[in-house]
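**Q** Below, each chain spelled out in residue letters.
There are 2 protein chains.
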Amino acid sequence: MTSTPITPNDWDTSTLFPEIETITDPVQVTKLSQDYHTFSPILQPKLAGKTGDVVVRPVNEAQVIQVAAACVKYKIPLTVRGAGTGNYGQCVPLHGGVILDMTRIQEILWVKPGVARVEAGVKLAQLDKKAREIGWEMRMAPSTYRTATIGGFIAGGSGGIGSINYGLLGDRGNLLALKVITMEDQPRVIELRGDDVQKVNHAWGVNGIITELEIPLAAAYPWAEIIVTFHDFMTAAKFGQALADADGMIKKLICITAWPIPSYFVALRSYLPDNTHAALLMVSETSLEPLQDLVAEFGGKITYQKLAQDAGKGFHLAEFTWNHTTLHARNVDTSLTYLQSVFPPDKSLSLVEELYHHFGDEVMMHLEFLRVGGIAVPAGLQVIRFTTEERLNEIIHYHEARGIFVPNPHVHILEDGGRKTVDVAQVKFKEMVDPYGLMNPGKMRGWMERA
Amino acid sequence: MTSTPITPNDWDTSTLFPEIETITDPVQVTKLSQDYHTFSPILQPKLAGKTGDVVVRPVNEAQVIQVAAACVKYKIPLTVRGAGTGNYGQCVPLHGGVILDMTRIQEILWVKPGVARVEAGVKLAQLDKKAREIGWEMRMAPSTYRTATIGGFIAGGSGGIGSINYGLLGDRGNLLALKVITMEDQPRVIELRGDDVQKVNHAWGVNGIITELEIPLAAAYPWAEIIVTFHDFMTAAKFGQALADADGMIKKLICITAWPIPSYFVALRSYLPDNTHAALLMVSETSLEPLQDLVAEFGGKITYQKLAQDAGKGFHLAEFTWNHTTLHARNVDTSLTYLQSVFPPDKSLSLVEELYHHFGDEVMMHLEFLRVGGIAVPAGLQVIRFTTEERLNEIIHYHEARGIFVPNPHVHILEDGGRKTVDVAQVKFKEMVDPYGLMNPGKMRGWMERA
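These protein sequences, in sequence, are chains A and B.
Residues in the first sequence are numbered from 1 upward in steps of one, following UniProt numbering.
Residues in the second sequence are numbered from 1 upward in steps of one, following UniProt numbering.
Simulated from the structure, these hints should not be mistaken for laboratory data.
Take the hints with a grain of salt, since some may be wrong.
Identical chains share a label here; the pair holds if one copy fits it or two copies do between them.
As the list claims (entries may be wrong) - Here are the simulated lysine-lysine pairs, DSSO-like style, with alpha carbons at most 30 Å apart:
hint	residue 1	residue 2
1	Lys-73	Lys-31
2	Lys-347	Lys-50
3	Lys-420	Lys-50
4	Lys-301	Lys-112
5	Lys-129	Lys-112
6	Lys-31	Lys-50
7	Lys-129	Lys-31
8	Lys-306	Lys-50
9	Lys-50	Lys-73
10	Lys-306	Lys-75
11	Lys-46	Lys-428
12	Lys-46	Lys-31
13	Lys-46	Lys-313
14	Lys-306	Lys-73
15	Lys-112	Lys-313
16	Lys-130	Lys-306
17	Lys-46	Lys-129
18	Lys-238	Lys-301
Use the sequences and the hints to build the structure in full.
**A** Listed below in structure tokens is the structure:
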């Protein structure tokens, strides 16, 4: 066993997997070694030039086992990826080797009322569409649901649109089972069920190759998309909290953005008057009428509304929320970056208010409401005018000093992001399934620093 | 206008409504003048002998208007009732007159995804069954759903099975529209939508005859019924709170009963070992596997489980919860009564623990978890060993002094129960629609004490 990275040796990238689609073109390989860590001006230089040596694209479990066995035999680092829509550089290979692209393993094995079994490369939108055919839908999805894979979402995501109802992916019940291929001398197939899934959940692919997943579904609603604007930011924020807490109103998305963030939503500009703050919402059609009363109570104005039957037409409002908000901002101004934060429960949103006034336009407020332990709180995906790393850290510390949890997106170590502490169960599982430390090396502190 | 009760005068009960089914048999009339205020040893003597003079059973809106017009013409008190499954004596006529039985007006007008339009006399189970045919279900229902009517539930209920997800009936969005017939000289039909429904919601039928309702539905889940037992009551209670707060687990019912309450559930005794405390649950089938992990974490034991496909077989677990818990207790021992209470948010349940130990078996702990303003809290429907009215009031005050809200079920005045204060909008609406104060007279303090 070793905790130091292994460099390629004694293998020919182009001929190692004769039966499996292999990409060696450097431009392609470089592209498939990337994710959205590029949102971070700190990670950009740190991860610059980090690429795999070869990309392999198996089409079934047998081929994945072949790849695993070869990597073990030659001690080649292996980095698993889906669509690469995550952040933290979590699927950027720090030590070259094989990039295992799972996107061709994309069969929906079955969908039953309340649960689906899928292969890891299935796109979230694809599963959602299939589930909807029988009246169900994904409980939650990131704003990248059209391209993101379910395997990547579980390995590196945390929640998203729908989290206002079902909390985060790590919450018990939001992932029913996982099948992983080990990186042992004789790769094995292991099925994890129940709480055991947490051994692999959000572990950035360091401890087993996820090939299949059993995902619980939500009973589907017809979702309307709505934009509401407000003249005052805190009124918009408190409207968001009130909607989050309105038990009689069914919602899936409550995104609140302070001006000038709405100015970055080019495609939505006609619905977003200058100097107004915007709520981007998904609400069940049945709740549209009560929504009007809530909007009136807060003095907001509904500027846009699309019914579920038109969901496929025009833009998708969800694609302006969560991490897409930052994407749109950076499309206008690449000097912008972002923060991730979760506010403690406080219906008065006093910390949001303090920070909004304290930082002004340097830290533009972007809130996504979600449930944490049964209570709706705002997560902040603040858009930041970046100046220096020191100032960015100062901003982060200012938040942390006030009890705001910051899953820092400017680091590339698993535990330094959202987890903060070493997950002993995940490290122990890695000891079993990846004894040579070949999987995504350099990302898990608990592995690198173990006795 | 008058605020004093009106007594029958100048009318013949048997001939007033020749085209409408009329019941004058005193035994029948007495029976149809009752509700479940009989759970209260305080209300029993107070409301003893209070009956209507005649029961009328119209079959459509035109007949309701006839009844309304006649009552106005002759200044006859009118008390509207559904199945009479409520409490507080809310449909017991204090001043005789006409009992308007709505149970024959029971057409389901339409059911669409997310919403249904029904006549007031539709039984909750009947609507639920119809909604389920297209994949939807009622958001919440009392334990009396098999007999209770939707009109009665709205006029006098507050929540129930499902409230852990959708809060209470009074929460914005849980009732979309109401149609009422007025008691003016020329009775009118009025449709209330949006927030305006609160003018009539839970007003005990004092301000307009509800004839139709538009009810939002929930997307349906296959619900499993489960009994879990615990050796320690507070462990059971904390398990209940943990399940309530588990955002990744879908549930509809979390009922926790302290021993000896389970001993009153005669039909369930084989699943309820002596001296154990019981959780009666409805959980979506997909959440059964994670439930096992949660039960294990709290050291509980699953003693009974029924899948959704068998919902129609054997007993209905929900019929041992909410007010049915008290019913079963009183079936064994008629000296028992109950309390209604809502605990403030506190995940540690310290008040529950204090009261459990303070009162011992005198106030047997029965908790139903529900959402209040977005937060899951336990409501108490404690079973009480009644001794004297003074002691009962002492118990109530002991709770209230600790910040526990008590919708006192031992009073027969609307505001003295759950509301506590006069609802000005409801009184004003009554001024318009019932200018002669004929509807359920003697129940609304805000009307009796108005200037």
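**Q** Next step is simple, just say for each hint if it's right about the structure.
**A** Hint check results:
no.	hint	verdict
1	Lys-73 to Lys-31	within (27 Å within a copy, 84 Å between copies)
2	Lys-347 to Lys-50	neither (44 Å within a copy, 47 Å between copies)
3	Lys-420 to Lys-50	within (25 Å within a copy, 67 Å between copies)
4	Lys-301 to Lys-112	between (40 Å within a copy, 28 Å between copies)
5	Lys-129 to Lys-112	both (13 Å within a copy, 21 Å between copies)
6	Lys-31 to Lys-50	within (11 Å within a copy, 82 Å between copies)
7	Lys-129 to Lys-31	within (28 Å within a copy, 54 Å between copies)
8	Lys-306 to Lys-50	neither (43 Å within a copy, 54 Å between copies)
9	Lys-50 to Lys-73	within (23 Å within a copy, 89 Å between copies)
10	Lys-306 to Lys-75	neither (53 Å within a copy, 51 Å between copies)
11	Lys-46 to Lys-428	within (28 Å within a copy, 69 Å between copies)
12	Lys-46 to Lys-31	within (17 Å within a copy, 81 Å between copies)
13	Lys-46 to Lys-313	neither (40 Å within a copy, 63 Å between copies)
14	Lys-306 to Lys-73	neither (55 Å within a copy, 50 Å between copies)
15	Lys-112 to Lys-313	both (28 Å within a copy, 23 Å between copies)
16	Lys-130 to Lys-306	both (22 Å within a copy, 28 Å between copies)
17	Lys-46 to Lys-129	neither (38 Å within a copy, 60 Å between copies)
18	Lys-238 to Lys-301	within (15 Å within a copy, 42 Å between copies)
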